[in-house]
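Each chain, written out:
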Amino acid sequence: MTTDTTVAEAGTAPRARLSPRKRKKISLTIQYAVFAVAIALLVLVADWQAIQHAFFNLDEARKAFPDILSIGLKNTIIYTLSGYVLGFFLGLVVALMRLSDVVPYRAVALVYIEVFRGLPAIVVFMILGFGMPIAFTDFEMPYDPYGTVALALGLVSAAYLAETFRAGIQAVPKGQTEAARSLGMSQGRAMITVIVPQAIRIVVPPLTNELILLFKDSSLVFVIGFTLSGYDLFKFGESLSNQTGNSTPLIVAGMLYLCLTVPLGYLVRKLEAKQKRGRV
Amino acid sequence: MTAAVQVAGLHKSFGDLEVLKGIDFTVEAGQVVCIIGPSGSGKSTLLRCVNLLEQPTAGQVFVSGTELTHIDVDIDAARRRLGMVFQQFNLFGHMSVLDNVSIAQRRVLKRSKAKAAEIGMRNLEKVGVAEKAEQYPAQLSGGQQQRVAIARALSMDPDVMLFDEPTSALDPELVGDVLGAMRQLADEGMTMLVVTHEMQFAREVADVVLFMDEGVVVEHGPPAQVIGNPQHERTRTFLHRVLNPTHADDEATTPS
Ligand SMILES: Nc1ncnc2c1ncn2[C@@H]1O[C@H](COP(=O)(O)OP(=O)(O)OP(=O)(O)O)[C@@H](O)[C@H]1O
Ligand SMILES: [Mg+2]
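Protein chains in written order, with my numbering: chain H, 211 to 490; chain B, 5 to 260.
Bear in mind the hints are in silico, worked out from the structure with no lab data behind them.
Check the hints yourself; a few may be wrong.
[Stated by the list, open to error] Here are the computed distance ranges between Cβ atoms for each label pair: (1) H/G464 / B/A118: 35 to 41 angstroms; (2) H/S310 / B/K25: 33 to 39 angstroms; (3) H/L320 / B/N248: 55 to 61 angstroms; (4) B/R245 / H/Q380: 35 to 41 angstroms.
[Stated by the list, open to error] These stretches of chain H come out as covered by chain B in the derived footprint (C-beta under 8 angstroms, 3 or more residues): (5) 378-391; (6) 395-407.
[Said to hold, decoys possible] Non-contacting residues of chain B with respect to chain H, defined by C-beta distances greater than 12 angstroms in every case (computed): (7) E122; (8) E129; (9) L144; (10) M203.
Quantities reported herein were computed from a predicted structural model and do not represent experimental measurements.
Glycine is no exception: its CB is placed at the ideal position from the N, C-alpha and C atoms.
Chain H on its own, in the form it takes in the complex:
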């Protein structure tokens, strides 16, 4: 579009004007200048001493270790992975129900997906944390708090994972089912041996993305309420910050989240690039 107009202008108005190359150079210079000014303002206006004291206080950071690793990080990893494993299988079941020929299955799956995708995760966690013990008084959740947290994160992630699996299953060519059926496999057998394994391969990048999201969502499970030994990374950093009146532990917790999620994000990009190459 830009080339069209410049060509037209060059054709009709042969006056001395800026060439597109020069114009681009000026625009770039302005962008760099704005950036430099913004940085300079930040440096001049901010009180670096105060910022460092509040957020990057080495003494406070040292106090957070090693418990922030042995309690916070450990719990965040356990919560997220157990929730993910549960969500993975539940999501697969919901996806298969969603694609089933049996109308009630489809309806249940649809309602499930809409409810758990539509509700804020924190609402689900609160209902599970407070409502469950009241509603099912005789039911003792095994491995508390791990059981309740896994269930909470599993229920929420299953809704997203189900939609991912459905997309994957539908992306497997129809000929694969037909070949499997022509070899005498039943519909269910074909699904398990031929379709689902290929569907999962197709959706590995989005599945990894869901894991990243779940690492972050796991920071909401504190509303279920537990004792210190059950604190996840966020709750651990937050309570230590409250105690000391210094935000550094939160920054440390944040960094540890990034240590988990950034490599996973890198992995997703790698996987996506690999798939793209594979298809061409």
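Place chain B with the ligands on chain H using the hints.
Coordinates of chain B with the ligands only, in the frame set by chain H:
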């Protein structure tokens, strides 16, 4: 003796579109029957109705005397008597070649892993791709993939093999390998129902040729008759187009 395949009064509609308008034919055990006809005439639909990948709207299909279209038939069990080879190969992309030829034997016929591998390898050898056993489908040429697909179907010990344009998706220089494997299969006495545009194959290997057009069998008989001396105008026009593709628009001339 009961026929290997018997099709009686077969109709198939997709919504308002009637694709098959009453098809009758029989394939005797050991026969090779080739189905030819223009694009859209319903050849694939007919083949897919024979193993019930499509549910016929009306009519009956019998395989070795069992009615597949009967409402109480165990379709998964009945289908095992029919092997099918597709135009697009449809190998399982996530499995090695050996797993492709053994997975259904193990899961459906409950053969042991060793037994399934042995039978699979024998069939891979038969079609000349045994050295590819450990590779994945994507690493194979189209011709090799299609031969693996044939070995996969053969490993289920079918009574009848169905082929839907098995060479149409292949580069011309690879067609010969696949046709060679099919010819060998025919020589060994396999009952085969083949949709094809390879007229030379039909002429040399088929016992019976069916010419289909617009959902009906226009003409059938030995290849020397249907291809060599067709009786119907529609057959002549079709053959003229297929055999002289560069002169497809010329007036069809009656061979005499
Ligand atoms: N699942 C379907 N739904 C609707 N219409 C279909 C379906 N399958 C096939 N048809 C239609 O049925 C007609 C016959 O198709 P079919 O694939 O059997 O033809 P064919 O003889 O195999 O042609 P070709 O030589 O191109 O493979 C076509 O008009 C096609 O559009
Ligand atoms: Mg076809």
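Hint by hint, here is what the structure shows:
1. H/G464 / B/A118: 35 to 41 angstroms: At roughly 55 angstroms between Cβ atoms, B/A118 and H/G464 fall outside 35 to 41 angstroms, so the hint is violated.
2. H/S310 / B/K25: 33 to 39 angstroms: About 34 angstroms separates the Cβ atoms of H/S310 and B/K25, which means 33 to 39 angstroms holds.
3. H/L320 / B/N248: 55 to 61 angstroms: holds, 56 angstroms
4. B/R245 / H/Q380: 35 to 41 angstroms: holds, 38 angstroms
5. 378-391: n = 7 at 8 angstroms, threshold three: holds.
6. 395-407: Our answer is that it holds, as 6 residues pass the Cβ test (under 8 angstroms) against chain B, meeting three.
7. E122: Per Cβ check, B/E122 is outside 12 angstroms of chain H; nearest 18 angstroms; holds.
8. E129: holds, 20 angstroms
9. L144: holds, 15 angstroms
10. M203: holds, 26 angstroms
This entry does not satisfy hint 1, going by the numbered hints stated previously; all others are met.
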